[in-house]
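**Student:** Next come the chains, spelled out residue by residue.
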Amino acid sequence: MMKKITVKVNDKSVVVPEGVTVAAAVYMAGETAFRKSVSGQLRSPVCGMGICYECRVQIDNQPHQLACRQLCREGMEIRTL
Amino acid sequence: MLGHRVTENYDVVIVGGGIVGAACAAELSGARLRILVIDAGRVGCGTTGASMGHIVVMDDSEALLNLTAFSRELWLRLAKDSASACEYLPCGTLWVAADAEEMDVVYQKAKNYEEHDIAVEVLDHKSLYQYEPNLAQGLAGGLRVVGDCVIYPPNCAALLLQGIEVRENCNVCQISDNLVSLENGSEIRAEFIVNAAGAAAPKLTAELPVEPRKGHLVITARYPGFCQHQIVELGYLKSVQKMEKESVAFNIQPRPSGQYLIGSSREFAGWDDSINRNLVNRMLTRACDYMPALKEMFAIRTWFGYRPAPMLSCPPPRLASGDAGAGESKNGGDKLPIIGNWPKVKGLYIAAGHEGLGITTSLGTARLLAAEILGQPPPIDPAPYRPSRLFRENK
Ligand SMILES: Cc1cc2nc3c(=O)[nH]c(=O)nc-3n(C[C@H](O)[C@H](O)[C@H](O)COP(=O)(O)OP(=O)(O)OC[C@H]3O[C@@H](n4cnc5c(N)ncnc54)[C@H](O)[C@@H]3O)c2cc1C
Ligand code: FES
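Chains as they are written, first to last, in this note's numbering: chain P, 788 to 868; chain H, 931 to 1325.
Chain H on its own, in the form it takes in the complex (with noise of 0.2 angstroms):
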């Protein structure tokens, strides 16, 4: 029989130490605030540390701009402190257009930044190729956004929890008001709870509109030198906002080892724990396509995370830059994370949702999560991203 049960108190528990579950625990921190981090495995052992590390600031809409430029700046501000931690890396991102109509996508969305003030050089095909001269011939130019930047995500978490008390190897299996139930029967008492379960946040938070969108990964050899940006294929905005069973697009990460990360794959699969060999081929191939010198180089491991993705049944928003794939998004609602007061639960908070882009948004989401628990003026407007949005929109 169960033992008696054990009863804590805390005055914030955060439940999941990913990347995001970390940051809302260093963000609340400083406030003098009891924290327990509940980690059902190790710190960074879910998506964050099997995803890529790019920095990245996207313009698929005011919201996402808005969200990745502020938390972009507070990772530079972190890297700066604390580069070697991180794996910092300041390669910038490149954006390659393949033809004349990917060129049209560039203009669009280098006014789109330059309106907000993120630097962005337009290369044309000449220029793409001084700095990437293992890219494929015959690509039309690219978009080099200059401040984006990579970092190691599983050291960026476990940095961003020193000082803070963490519970590995515990499984939650329920959050109710105020309380927080773990697996071995006993609970913890707690003003605030964070559910920051990532992927698996709907386990704990029932109507949680996050489904696993799995992906792949590919890391090489130490080739040092091959490329030197973050670059990602335009087409990668079609495949993250189509809403198709199974995509892939070209994107690759220089690593500071001299090795190289290959993405990336999307996939409705639920939970399947098993490489896809069909999908990771075409996901290399498409890679080739892109850096033909690929084909000669090792790879010596392939795994996967699950995107923990926001399927909202909201109509998808207006592009900011013009179409990028608008449109084709079915079921995608306005595809931004979850974050802030959960109304159904009493002391429940929500930061998940953040899909293929939580490295990024962490930092951002731990502000604006901790501007509200601490009743603090938001660093930005934090409607777009409220759960309240949810039960507006279903009805």
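Just chain P, with the same shape it has in the complex (with noise of 0.2 angstroms):
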């Protein structure tokens, strides 16, 4: 059995298997806009391996970390928009 943990994203608990991504748990917390551009735009991961910069959100109230770069840790406050 595959050991879960759980985190928070936007304030709601998602119960997530140990060793998905940031981005992973964003959308299985059932969020698709990860941050908003300059002009307001949504977006949301490109390339999945730390070149875009478009999944940034912000962990733990540390502002503009890459969600598809970081694993899940129990307890982890993640913020989108």
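Derived from the structure by calculation, the hints contain no laboratory data. Please note that a few of the clues may not be correct.
Restraint ranges, calculated between C-beta atoms of paired labels, are given here [unchecked claim]:
1. H/E1113 <-> P/R856: 45 to 51 angstroms
2. P/Q849 <-> H/Q1104: 54 to 60 angstroms
3. H/P1020 <-> P/D798: 35 to 41 angstroms
4. H/R962 <-> P/R866: 57 to 63 angstroms
5. P/Q849 <-> H/P1020: 35 to 41 angstroms
6. H/S1111 <-> P/S831: 48 to 54 angstroms
7. H/A1199 <-> P/Q849: 42 to 48 angstroms
8. P/D798 <-> H/Q1158: 27 to 33 angstroms
9. H/A1313 <-> P/N848: 56 to 62 angstroms
10. P/Q849 <-> H/N1211: 22 to 28 angstroms
11. P/V807 <-> H/N1211: 32 to 38 angstroms
The calculated SDA-like cross-link candidates involving lysine to any residue, where the alpha carbons are at most 20 angstroms apart (straight line), are [claimed, not checked]:
12. P/K823 <-> H/R1185
13. H/K1056 <-> H/V1076
14. P/K823 <-> H/R1231
15. H/K1225 <-> P/Q845
Covered, in the sense of this in silico footprint (three residues per stretch, anywhere, with C-beta under 8 angstroms from a C-beta of chain P), are these stretches of chain H [claimed, not checked]:
16. 1147 to 1156
17. 1220 to 1232
Quick caveat: nothing in here was measured; it's all calculated off a predicted structure. Beta carbons are placed, not taken as given, at the ideal position from N, Cα and C, and that holds for glycine.
Hints are included, so try docking the two chains, each in its own frame, into the full complex.
**Tutor:** Structure follows, in structure tokens:
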């Protein structure tokens, strides 16, 4: 059995398998927009490998973290947009 | 073979669609003249598009103070009418003094600014951190120049050129008596020609003592509220005036988007077109010394531009505000832009050599130049900026 952990996405708790990325957890929480561009357009991951910076979210109060490059940790607080 | 030569006629041809050329065009456009602005690339594609857009009154010399203060007044008027197009941010400048010695400079500058009716506020240690809590601990204080502001230069160049005929992607290869020759073989006759080609101006007017002085900038991701002012270390003045090959000074600018531009570097490296990583590292280290929280931030882009530095071999001016690195200037001459009639070529006027202040001084430059071309009384004393000073002093 795969181990499960709980993270929060925009204050909502989601249970995810250990080893998934923050980006995956955001999608599992039902969110599709990760950030807003300067002109207000909604953005979400493009490259999935740390190049495009479109997947930036806030993690534990740290802004502009790459959701595709970080794995979920128990109790992590993730914020989109 | 080249096709037949086309000859066109205009009253005024302005070579260079940077902020300086754009401002000159806007200033002359009221006078019922046929004006053409020519740029080798796109409007604002040169140094203008690479710069910070800090509109700042500088008191290095009386002449610089007059030109920057007059220009700032014109910017505030323009920004009042078109604040959003200019991306106007009335953030003021905060000059940071690291120690007691730099605080002495603060007092001298405050006195000098006040004598010229420039509103300032001297900040002690405590009030410095009230304004900017993210500054590093242990700084002595600062000087807040309330009326300085920030605009977005390429937008302003485009705004100034509204309604004016502009030819882009058109390379001028020669300027001679009342004649502009284009790379495509055609020619344009004009009564007045303005060389506003920025750091490339000497390519068209030999003997013009202007050289590229490269500068890098870094922009961060968005961190709204991190700082409120354009913050500059007082040591900046030394960095500007030293004619060292490479120097850095801390300079940060808040953008309306919540991003921050971080500068500054200065380097004489000709037209070298690569990022100088070593120098960028020094620049960012300097910035982190002054604002340690920058270490945690993302920088999303780095670029550079070529300041059109005047390289006059006349003696440095007396500093109006006492020593702020005076005497360091070995080869720097008076450090003023070159504005006005160029006696060696018929119909030619120069508006070049604005170095690191060309966004600020563009509007004042344009007023001075337009007054000369149109035979109107000058708005401020034009003598300190005139090209004729080069010939006098080079003898
Ligand atoms: C990193 C950096 C930060 C800066 N920050 C500030 C700041 O905060 N505040 C401030 O006041 N100033 C600042 N400056 C200085 C300012 O950017 C320049 O002084 C100013 O942009 C010069 O404007 P310009 O119109 O003379 O030159 P440019 O903007 O370079 O315009 C010249 C134009 O001429 C064109 N051209 C050149 N040769 C030819 C040719 N042969 N034929 C046709 N066209 C030609 C070019 O394509 C170019 O568009 C900064 C500069 C740098 C590099
Ligand atoms: S999806 Fe491209 S950097 Fe994360």
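**Student:** Hint by hint, note whether the structure agrees.
**Tutor:** Consistency of the hints with the structure:
Evaluation of the 45 to 51 angstroms hint for H/E1113 and P/R856 yields a pass: the beta carbon distance comes to about 48 angstroms. With their beta carbons about 56 angstroms apart, P/Q849 and H/Q1104 fall inside the hinted range of 54 to 60 angstroms. Between H/P1020 and P/D798 the beta carbons are some 36 angstroms apart, a value that agrees with the proposed interval 35 to 41 angstroms. The beta-carbon spacing between H/R962 and P/R866, approximately 58 angstroms, falls within the hinted interval of 57 to 63 angstroms.
Under the hint 35 to 41 angstroms, the C-beta atoms of P/Q849 and H/P1020, about 31 angstroms apart, miss the expected range. Range check, H/S1111 to P/S831: about 53 angstroms between beta-carbon atoms, so the 48 to 54 angstroms window is met. Hint check: H/A1199 to P/Q849, Cβ distance near 37 angstroms, so the stated range 42 to 48 angstroms is violated. Between P/D798 and H/Q1158 the CB atoms are about 30 angstroms apart, so this pair conforms to the stated range of 27 to 33 angstroms.
Hint check: H/A1313 to P/N848, Cβ distance near 58 angstroms, so the stated range 56 to 62 angstroms holds. Evaluation of the 22 to 28 angstroms hint for P/Q849 and H/N1211 yields a pass: the beta carbon distance comes to about 23 angstroms. Checked against the given bound of 32 to 38 angstroms, the beta carbons of P/V807 and H/N1211, roughly 36 angstroms apart, stay inside it. For the proposed pair P/K823 and H/R1185, the alpha carbon gap of about 17 angstroms is at most 20 angstroms, so the pair holds.
Straight-line distance between C-alpha atoms of H/K1056 and H/V1076 comes to about 18 angstroms, which keeps the hinted pair within the 20 angstroms bound. With a C-alpha separation of about 18 angstroms, the suggested pairing of P/K823 with H/R1231 holds against the 20 angstroms cut-off. With a C-alpha separation of about 17 angstroms, the suggested pairing of H/K1225 with P/Q845 holds against the 20 angstroms cut-off. Under a criterion of three residues with beta carbons nearer than 8 angstroms to beta carbons of chain P, the stated coverage of the segment 1147 to 1156 of chain H is upheld, 3 such residues being counted.
Against chain P, the segment 1220 to 1232 of chain H contributes 4 residues with a C-beta closer than 8 angstroms to a partner C-beta. That satisfies the three-residue criterion, and the hint holds.
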